[in-house]
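Chemist: Sequence:
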Amino acid sequence: MSAQPAPRILPGRPRDRHLPPQRAHPPHLRRAREFRHRLWRCDPAGRHPRDRTLQTCAGPFSGCEDVARPVEYLDQIRVTIWLHGADVQNWRGSGVEVREVDGADTARHTQEGDERKIVWHEVFSHPSENLHVVAVSRNHIDRIAEHVGSGPQEDRLSIVPNFIDGRIFRYAEKDESQRKRILSVGPYDSGTDASDLTVAGILELSKRPVFVALNFVLVGDGAEFETTTAPIADLLNVTLRKGFLDPAQTAGLHKRAGVLLAPTRTAGDGVAMYEAMASGLVPITTRAAALSELVDPSCGMIVPPADPVALADAIEALYDSPSKFRRLSRNAAERVRRQSSYEQTIAREVALIREGPKKDADG
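Under the working numbering, the first residue of the sequence shown is numbered 1, with each subsequent residue one higher.
Hints are not guaranteed to be accurate.
[As the list claims (entries may be wrong)] Between beta-carbon pairs, the in silico distance windows are:
{"id": "1", "residue 1": "P304", "residue 2": "D142", "range": "18 to 26 Å"}
{"id": "2", "residue 1": "Q111", "residue 2": "S177", "range": "29 to 37 Å"}
{"id": "3", "residue 1": "S206", "residue 2": "E115", "range": "47 to 55 Å"}
{"id": "4", "residue 1": "S177", "residue 2": "T266", "range": "29 to 37 Å"}
{"id": "5", "residue 1": "D246", "residue 2": "Q111", "range": "34 to 42 Å"}
{"id": "6", "residue 1": "T239", "residue 2": "R287", "range": "22 to 30 Å"}
{"id": "7", "residue 1": "D246", "residue 2": "E146", "range": "32 to 40 Å"}
{"id": "8", "residue 1": "D155", "residue 2": "A347", "range": "17 to 25 Å"}
{"id": "9", "residue 1": "H126", "residue 2": "S321", "range": "49 to 57 Å"}
{"id": "10", "residue 1": "P304", "residue 2": "L235", "range": "21 to 29 Å"}
{"id": "11", "residue 1": "R338", "residue 2": "D246", "range": "21 to 29 Å"}
[As the list claims (entries may be wrong)] Lysine-lysine pairs mimicking DSS-like chemistry, simulated, CA-CA at most 27 Å apart:
{"id": "12", "residue 1": "K180", "residue 2": "K324"}
{"id": "13", "residue 1": "K207", "residue 2": "K324"}
{"id": "14", "residue 1": "K255", "residue 2": "K242"}
{"id": "15", "residue 1": "K207", "residue 2": "K242"}
{"id": "16", "residue 1": "K242", "residue 2": "K180"}
{"id": "17", "residue 1": "K255", "residue 2": "K180"}
{"id": "18", "residue 1": "K324", "residue 2": "K255"}
{"id": "19", "residue 1": "K180", "residue 2": "K207"}
Hint data in this document are derived by calculation from the structure and do not stem from the laboratory.
Glycine included, C-beta positions come from ideal geometry on N, C-alpha and C.
Please model the entire structure based on the sequences and the hints provided.
Modeler: This is the structure in structure tokens:
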């Protein structure tokens, strides 16, 4: 008997080829790249239509064609789809500012979004039990369902948070003096990242007596870095560092700081915030539906949206209460270990691929 041909495995397409080769990748692109290296995308139907040895087709799918092709073969294989939001949503609902999109591209973006909506509606309504969907948060699914008009069935859905590597982002008990050291890490590409709120919060604090006791480090990159940070560039206790960091460099900053200033306008995945929390930093962030799954008052400071005065108040409150700072720091690290450890993330994903959704439900 002749041996069965091995299924052809194709790596996911890299999304960061446009970046200069010597420049560190932004954190969100780096995570996407690492994710695609760990998890392969397969096309057994197109390459080996007669092969029956492949049990599961899994991956982040890059486009409508990627999704539609394996779904056609659900009678032969299990298909597990990892959703991240941008692969489903129309660009107008993805946090992209209108001014960033060239007028000539608007029609194309809109058409692509409408095509995705149709494809994903068909995927979510597919009757096969071999189809399973994975998302990082309940909020992600709610936003996707709002855009598409339907969502995956509950018995075909797993919520698996992002993995935070505790070997890199290690918790060490914070000294109370570290409540005076505030860190901000993020992009400076548009108003959606709320870096302007970080700057506005620092400016508000500069009017208060407590400001001279504090130290701020702002790290990031993007077209608007200089413009956004210009109002605080001359402050003696503010350090600006343009550029993106690798995980080890980020962890090094975490060791020295005690507070993470992380306001947001959009419902992101919270990975950078969770990495900081794993290291024991107390997050100060804004109230958003997605973040309620990541942080609560027992492990962080949550303020109203678009309120720099509230951000300043939260920093001052931690300064005034060293015991609260240390309690929130311990709780923040514990929350990440409980929710984003290897066992709660990658191990579950591997089980989904190998054994299907029933194993995940039983686990």
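Chemist: For every hint, state whether the structure bears it out.
Modeler: For each hint, the structure was consulted:
no.: 1; hint: P304 x D142: 18 to 26 Å; in the structure: holds (21 Å)
no.: 2; hint: Q111 x S177: 29 to 37 Å; in the structure: violated (56 Å)
no.: 3; hint: S206 x E115: 47 to 55 Å; in the structure: holds (49 Å)
no.: 4; hint: S177 x T266: 29 to 37 Å; in the structure: holds (33 Å)
no.: 5; hint: D246 x Q111: 34 to 42 Å; in the structure: holds (38 Å)
no.: 6; hint: T239 x R287: 22 to 30 Å; in the structure: holds (28 Å)
no.: 7; hint: D246 x E146: 32 to 40 Å; in the structure: holds (35 Å)
no.: 8; hint: D155 x A347: 17 to 25 Å; in the structure: holds (21 Å)
no.: 9; hint: H126 x S321: 49 to 57 Å; in the structure: holds (53 Å)
no.: 10; hint: P304 x L235: 21 to 29 Å; in the structure: holds (25 Å)
no.: 11; hint: R338 x D246: 21 to 29 Å; in the structure: holds (26 Å)
no.: 12; hint: K180 x K324; in the structure: holds (13 Å)
no.: 13; hint: K207 x K324; in the structure: holds (24 Å)
no.: 14; hint: K255 x K242; in the structure: holds (19 Å)
no.: 15; hint: K207 x K242; in the structure: holds (26 Å)
no.: 16; hint: K242 x K180; in the structure: holds (22 Å)
no.: 17; hint: K255 x K180; in the structure: holds (13 Å)
no.: 18; hint: K324 x K255; in the structure: holds (19 Å)
no.: 19; hint: K180 x K207; in the structure: holds (16 Å)
Comparing the model with each earlier hint shows a violation of hint 2 alone; every other hint is respected.
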